[in-house]
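Chemist: For the record, the sequence lines run as chains A and B.
End of the first sequence sits at 247 in the numbering used here; the numbers just go up one at a time, nothing left out.
End of the second sequence sits at 1348 in the numbering used here; the numbers just go up one at a time, nothing left out.
Hints are computed from structural coordinates only; laboratory data are not their basis.
A few of these clues could be false.
[To be verified] Label-pair ranges, simulated between beta-carbon atoms:
id, chain 1, residue 1, chain 2, residue 2, range
1, A, Arg114, B, Leu1026, 37 to 47 Å
2, A, Gly12, B, Pro1129, 45 to 55 Å
3, A, Arg123, B, Gln1184, 47 to 57 Å
4, B, Phe1224, A, Gly12, 32 to 42 Å
[Stated by the list, open to error] Stretch by stretch, here's where chain A covers chain B in the computed footprint (C-beta under 8 Å, at least three residues):
id, stretch
5, 1239 to 1249
6, 1286 to 1297
Yeah, the Cβ is synthetic: ideal placement off N, Cα and C, and Gly gets one too.
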Amino acid sequence: MFDIEVPALFRGRVQVLAPTAFTLAAGSMTGIVGPNGAGKSTLLRAVAGISQDSVAVRRRGEPLHRRAIGFLPQAFSVASTLSVTDCILLGRRENLGWRVPVWARNDARGLLDRFGLADLADRPMSALSGGQQQRVLLVQRLFRNPALLLLDEPTSALDLHHQLSALSMIRDHARETGMAVIAALHDLTLAARFCDRILVLAGGAVVRDDAPAAAFAGGLIENHWNVAPEFLKARDGGLVVVPHAMA
Amino acid sequence: MSVADRALPWRRQSGRRGVALVAALLILAVLSLLDLMTGPSGMGAAEIWRTFRAGPAGEDRAAAAILFQIRLPQTAMALIVGAALGLAGLMMQTILANPLASPFTLGFSAAAGFGAAASILFGAALGLPLPGHLLTPAAAFAATLAATLLVWLVARARGSQPEIMVLAGIAVLFFFQSLQSLLQFLASPEVLQQIVFWLFGSLLKANWTTVQVSGAITLVCLPFIARDTWALTTLRMGEANAQSLGLDTHALRRRILLLTAALTAAAVSFTGTIGFVGLIAPHAARAAVGEDHRFALPMAALAGALILIIASVAAKLLSSGAAIPVGIVTAIAGIPMLMAVILRQKEI
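Modelling step: build the complete structure from the supplied sequences, incorporating the hints.
Modeler: This is how it looks when you write it as structure tokens:
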């Protein structure tokens, strides 16, 4: 169990996020959705400890060290010519010395293999497409073995196939290892499909915290996204949200 | 194909980088010998070796004096200064995320020049207990540290983003450049000539004291650089990625700023401004061994030393009586080198 307590966050004198607190189950995946400027990235950066806000993150009551929190920011683009394998290794930069141990290299290779990225292992990061970079950086953050993983739009550069495969891999990894995941997502269908729970953020406050099936009910989407949603049922019973322009 | 099999290219890459480092070291050794053999009085390899074996107190007094009092300190100084500028340049380009950055980007050379000019102009009047040949380097060193302190304070107060540091550095650069111009304007023609001569970077000022001081400062910096090697590599991933990997990028930038300042001051205080080495050596190093700073840092040091040794040999060959100041050679030769680097790389 993870307890996260976020105080009111200010940028200058403007409050950008109201105080909020939530609990995450180990191995769970929580989606954060909300219109642009709702405060999703602000919340994730604060929990990750990047902004200097005093967010309390506890695991079973004990404060969680920042080292145990993994974070993939929205602006991830890499211009470096470091190889993909080197990039994965940097995920454990604190443990690297003058010699990189063979097991670390093999671990990195193994993880690349699992995510279908083995072919890219020796390519320079700068030669990769945006989507490939995003997948490599996702693997890099998993290589860190975080107890809590924060993802800011982890599928923003991915094609349909890789959106599904990346999110299901993350979910499987979370269930296997007990890692808790918070992912900011724009695609409500994707969020409903992969998350155990959804936080809806609007205007700098959490306006809904519920299971996917109930998270968007009651005019919430109309009010905050300014679109008219059509709710459909997918073949597997999942929720599909189709947006239409407001009449 | 197993995971271990696929690790082979990586190991090969690692091996290639090691070979490049050893090759650079060997070339540097050969060129250093060439540098020792080059000079107005000419000495062959055999004579150099004989004189070296005989030691400073050898029977051939003239040869011993040339080798031990003139050539060895100059060659050693070229190696130290080149290595220090190469290291400082690579670190500066990494922390400022800017391929055009060099050890002098943040106004260090202008500050050193001001310090030197002030000591040449006012030094005698102050009556300090330091002899003249030590007062000027000490003043240059102190002024460089003062410039660093200004940039450091701005970075500390306003956040250590590259843009803030570059802006603060440019302000410092213009400030010290103006002060230096003012001193030159005030100086009498004889003093002005001395100031201008100092500003041309030259290895002729080298002696065993300068070698010891510059060498010691550079050596002291090395363990601190080694400690941050992986952090610097991580910074190449970009600001957001580095921060999200738990790196305090602002503190790292301030730490590295101090190290580059110490290295640059160690280099320029005794020799004057030697341009382009700190700009080109990092590009050459990254082109040869990539961006992993475990390899790029030593390579940048070797590349810096190589460039300066080549410039030193060239300066002595071009004008065998009064050697052209090596700073002028590096600046002229640096431009085609920089062009070659830009044209060879798709993106720098």
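Chemist: All hints are to be evaluated individually against the structure, with a verdict given for each.
Modeler: Outcome of the hint check:
1. A:Arg114 with B:Leu1026: 37 to 47 Å: Roughly 43 Å apart at Cβ, these two residues keep to the hinted range, so it holds.
2. A:Gly12 with B:Pro1129: 45 to 55 Å: 53 Å, holds
3. A:Arg123 with B:Gln1184: 47 to 57 Å: Given range 47 to 57 Å: holds, Cβ gap about 53 Å.
4. B:Phe1224 with A:Gly12: 32 to 42 Å: 36 Å, holds
5. 1239 to 1249: holds (count 7)
6. 1286 to 1297: holds (count 5)
Taken one by one, the earlier hints all hold for this structure without exception.
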